[in-house]
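**Q** Those letters in the sequence shown? Residues 32 to 455, by our numbering.
These aren't lab readings, by the way, just hints derived from the structure by calculation. Quick caveat, the model's predicted, so the values are computed rather than measured. A hint or two may mislead.
Unchecked claim - Pairwise CB distance ranges, derived in the manner of DEER restraints:
hint : residue 1 : residue 2 : range
1    : 372       : 338       : 30 to 40 Å
2    : 242       : 182       : 42 to 52 Å
3    : 84        : 242       : 21 to 31 Å
4    : 87        : 324       : 26 to 36 Å
5    : 125       : 327       : 17 to 27 Å
6    : 324       : 202       : 20 to 30 Å
7    : 91        : 191       : 46 to 56 Å
8    : 289       : 121       : 25 to 35 Å
9    : 202       : 289       : 41 to 51 Å
10   : 125       : 306       : 28 to 38 Å
11   : 50        : 95        : 45 to 55 Å
All C-beta atoms in this analysis are idealised placements derived from N, C-alpha and C, irrespective of residue type, glycine included.
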Amino acid sequence: MLKRDESRSTVSLFDRTTHPPDRVLLVTVIGLTAFGLVMVYSASFVDAAVFYGNPFYYVLRQAVGSLIGLGALWLMQQIDYRIWQRYSIQLMAIAIILLVSVLLLPASITEVNGSRSWIRFGEGWLGIFSIQPAEFVKLAIIIYFAHWLSQRSQRLGNVAYGLAPFAVILGFICGLIMLQPDLGTTIIILLIGGAIFFAAGANLWHVTGAALLATVAFFALIVTFRSGRWQAFLDPWSRAGAEGYQIIHSLYALGSGGIFGQGIGMSRQKHLWLPQPHTDTIYAIIGEEWGLLGTLAVLVAFLIIAVRGYRIAARAPSPFAALVAVGITSWIVFQAFVNIGVTVALIPFTGLTLPFLSYGNSSLISCLMATGLLLNISRHVDQSSTDNSSAVSTSRIGQAPSHSFGWRHWRSRLSGAGSRPRAR
């Protein structure tokens, strides 16, 4: 394991490497963002015309968010990823302040649909500058945990030193988010944390036990506080006029699309039948207008992001970079599949955007920022190396060869993690 603390080394703000970023990942993300603009307009123009008198109301805001997000992607790609390790604690402090602020500020500027998750700076066009802090907190948490765990990987097998403090920190953040309440974001942060903790070298039994406990807690919360959603998940038609309404019309949209779809702009469910067609359930509109082929294309795009992201992580030049790459990739991919799973009624309904596609500037900008950081890490990866090598040239970035990535040695975790690696 690499022992050098990159946060203490001399690192310039802007990356001076000439190595190109992962072009496949970049093209895939930009393609999804562009397609998202098309689908946001197609899915939202009825709602926008009826409630705001302007069919372009949502897509214009999404276009502004796309421009800001792509600019943030370019900037994050230029900034050396090691800078963020140096300020991980400060980023975590800012994240906590943001999560607390939405609970303390007046409900008139923080509450939307019964959840205090927003900070609005004004009405009308000023509403463009409204932010959902939890979306940006995800990236701060990834950076913090990547730094924190990369310093403790040798002793993560010790419950008191590894699992217990990690669970306390993660539980504190999730508790603040549940106070909003925002169950969907809480689930994603738990999945991100679990992925990073596992990749850092945690004991497999510890991870499995924590995952089972989290699953039990999740279903307990659903049954206790969202019993209607649970019943709607089991039988949507039993609550067709309440929690099952959105699920039913989402399935109607997907089913009516067939193989080739009804055609762009020809969705019927978006005509005030399917709630939130441009946000949480935009995948259903994609299925209705583009058919099975369109939904499969979206799935393939996220699978490409998964493959390229984890590939970057496996070849990353340091433990911190690897864990950041794991966290970002897991965030985007897990959130996408949770959203899709909800849309096709595979899991209980919870409000989450589909990354790069759903309407929502906070989600779009934060995902593009995270992608920019992932692309910067890819600039430090030797693309010509084979998949069996996780080391990069010391002459390329001035560092020692990288780590052995945790999941390649999963069998050793059964007998305990955190032991000193054998000499090679």
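**Q** Decide, hint by hint, whether the structure agrees.
**A** Do the hints match the structure? See the list:
Checked against the given bound of 30 to 40 Å, the beta carbons of residue 372 and residue 338, roughly 20 Å apart, lie outside it. At roughly 24 Å, the beta-carbon separation of residue 242 and residue 182 lies outside the given 42 to 52 Å, and the hint is violated. Range check, residue 84 to residue 242: Cβ separation about 48 Å, and the 21 to 31 Å hint is violated. Between residue 87 and residue 324 the beta carbon distance is about 28 Å. The supplied range of 26 to 36 Å therefore holds.
For the pair residue 125 and residue 327, the supplied restraint of 17 to 27 Å is violated, since their beta-carbon distance comes to about 39 Å. Between residue 324 and residue 202 the beta carbons are some 42 Å apart, a value that contradicts the proposed interval 20 to 30 Å. Look at residue 91 against residue 191: about 53 Å separates their beta carbons, and that is inside 46 to 56 Å. At about 52 Å, the CB distance of residue 289 to residue 121 disagrees with the hint of 25 to 35 Å.
Roughly 45 Å separates the CB atoms of residue 202 and residue 289, a value that falls within the hinted 41 to 51 Å. For the pair residue 125 and residue 306, the supplied restraint of 28 to 38 Å holds, since their beta-carbon distance comes to about 33 Å. Taken as a hint, the range 45 to 55 Å is violated for the pair residue 50 and residue 95, whose Cβ atoms sit roughly 32 Å apart.
Of the numbered hints given earlier, the model fails hints 1, 2, 3, 5, 6, 8, 11; all others are met.
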